[in-house]
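Undergrad: What follows is each chain in one-letter form.
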Amino acid sequence: MPTFDLSISSLRELNGALHRVEEGSNDIHFDIVNPRGHHAVAVGVSTHLTISINGSVGYYCAGMNDGADIVIHGSVGPGVAENMMSGTVVVEGDASQYAGATAHGGLLVIRGNASSRCGISMKGIDIVVQGNIGHMSAFMGQAGNLVVLGNAGDALGDSIYEARLFVRGRVESLGSDCIEKEMRAEHHEIIADLLRRAGISNVDTAEFRRYGSARKLYNFHVDNADAY
Amino acid sequence: MSYVNPPTPPRKSATFDDATLAEIRRAAATGIYDIRGGGTKRKVPNFDDLLFLGASMSRYPLEGYREKCETNVVLGTRYAKKPIKLKIPITIAGMSFGALSAPAKEALGRGATLAGTSTTTGDGGMTDGERAHSQILVYQYLPSRYGMNLRDLRRADAIEVVIGQGAKPGGGGMLLGQKISDRVAEMRTLPKGIDQRSACRHPDWTGPDDLEIKITELREITDWEKPIYVKVGGARPYYDTALAVKSGADVIVIDGMQGGTAATQDVFIEHVGLPTLACIRPAVQALQELGMHRKVQLVISGGIRSGADVAKALALGADAVSIGTAALVALGDNDPRWEEEYQKLGTTAGAYDDWHEGKDPAGITTQEPELAARLDPVSGGRRLANYLAVMTLEAQTIARACGKSHLHNLEPEDICALTLEAAAMTQVPLAGTNWFPGKGTF
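From first to last, the protein sequence lines are chains A and B.
Those letters in the first sequence? Residues 1 to 228, by the working numbering.
Those letters in the second sequence? Residues 229 to 670, by the working numbering.
To be clear, the hints were calculated from the coordinates, so they are not data collected in a lab.
Some hints could be false.
Listed below are the simulated DMTMM-like cross-link pairs for lysine to aspartate or glutamate, each with C-alpha atoms no more than 20 Å apart in a straight line [what the hints assert, rightly or not]:
hint, chain 1, residue 1, chain 2, residue 2
1, A, K181, A, D94
2, A, K181, A, D223
3, B, K315, B, E298
4, B, K313, B, E291
5, B, K310, A, E13
6, B, K587, B, E598
7, B, K271, B, E251
8, B, K271, B, E598
9, B, K420, A, E162
10, B, K269, B, D494
11, A, K216, B, D423
12, B, K420, A, D154
13, B, K269, B, D563
14, B, K667, B, E517
15, B, K309, A, E13
Let the sequences and hints guide you as you build the complete structure.
TA: This is how it looks when you write it as structure tokens:
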């Protein structure tokens, strides 16, 4: 198992090595120690690697991930797993702003809390947050699922498109064009599946409420001018 | 005896002119602001307000068609392992598939490739067609991140982080429902037929300190191979340039208010941002003060029309220019051959700007298959290449007359200003004087 000590190796050496691994290689397990808040750790990985990051990192950890399974044994700065295409990213600690921003696919699990704008402009990613999320989360969310076991801050789902939001706790307020929607059987199945994949048990899907788009702002109408 | 007011000829108000009155009536009838494409239509100080001096006793010219005048430019020499090498200093600006038809995107790629220059994606991602037909393709990294993915990032030749554009500094993208076809909707992960209003701010960074980290991430993802441009609308060119340098940009693109857009509010186009002419000298000054002129390349866009405009922008210190609207005109946009159909749309050739409605008779700004089929991408590409060749020849003609063996050797001393405004904005002397506003002596 290759190990990179970021107190000795450079970020370039690490990311370069992760990019050079070819699909089918035997050395697919990477251990990263002493990340010491580095930005852009393990970004742009496009093969099925498993990467363990032992410590906290800065901005954009696992950015644009496309296939790797990455676990951060610590907390993350802004933009973890931003624009992820596929793979899994698990944050054992807390996450700063923009977690999973614009991501098209894959699964992001945050064991702690996520700050504001979690899932902003999400485009197909699934996000599970065991704690709370901050304000303006899922802003302009286009597709994918956001499952929150704790509470959500102000303006949840503002200007949302077709992303699905499931919150177990309290929602401080809903943003423009975001409304509570009926929980149907298919939604219980979505939550159950995501909880299982996130390794979370003993949570009843009946405790969640669903939020999504009222679709009233999809086409401009002058009578909605106050909402713009 | 009563006073009789003698009849006078009707006199219209300069303040409430016909266009203003029509807009008030239109606003009252519809309740919505005017949305249109293109750039500003009002007259603002521009390159026509400058003249080249040519050779004289103290400057000797180069022989036209005989002595070499080089035109090549390399973009991205600061950090990128693989800088962009262009034969001419004129690039094609970012325009999206969605705003433009697939044949139009293909034609831009073909024309740029024939001319030895680059073309650029837009808000909506990269299509396989434009990648295949563009030898050098710049991939825009926009706030919406529509269609943004790792594969396309790696198959791009350069990355342009878009912060703003000249038509609407501070505004996001707009693509109305008429143009959200199945293919466009799929690329953008949006429902078909909705009005797509993309974000005006990037979702995962704010400010130059964050941008520096974002650029580092993009470089790490692409193994430091690709040049990274930062594009801003003309607003605060001195500070924006300095901050872009600080953020680690290889190339800075500044787009003045004559630069076009697929669609936005008319009030935005006409009332926000700086004329292109006013953007160049402050940007060059910032680069010079930082010791980065010619090390971080400056690309200027917004209303560039001719080789004279190219030469003037370069003389003021730009490394290259970029064209959008002019390239579309070269393909056939607003061509009088479609006059009958423009009339049916309530407009006329040369004035058609409802690009957002997707009814373009020339088949360029549309997603209607029947209209799009009107543009042959092969002949369209040839027309664009011809136009780029003419612009280049014109710029060379001027440069030789100024005694310059490379377009980049043009300098502010080669030009003068026709108006006080142009002299103030460019800091070149008013014609016939050695003075410009702000300079101590007349």
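Undergrad: Next step is simple, just say for each hint if it's right about the structure.
TA: Tested hints:
no., hint, result
1, A:K181 - A:D94, "violated, 29 Å"
2, A:K181 - A:D223, "violated, 23 Å"
3, B:K315 - B:E298, "holds, 9 Å"
4, B:K313 - B:E291, "violated, 26 Å"
5, B:K310 - A:E13, "holds, 19 Å"
6, B:K587 - B:E598, "holds, 10 Å"
7, B:K271 - B:E251, "holds, 18 Å"
8, B:K271 - B:E598, "violated, 36 Å"
9, B:K420 - A:E162, "holds, 12 Å"
10, B:K269 - B:D494, "holds, 10 Å"
11, A:K216 - B:D423, "holds, 11 Å"
12, B:K420 - A:D154, "violated, 29 Å"
13, B:K269 - B:D563, "holds, 18 Å"
14, B:K667 - B:E517, "holds, 19 Å"
15, B:K309 - A:E13, "holds, 16 Å"
Hints 1, 2, 4, 8 and 12 from the list above are not met by this structure, while the remaining hints are.
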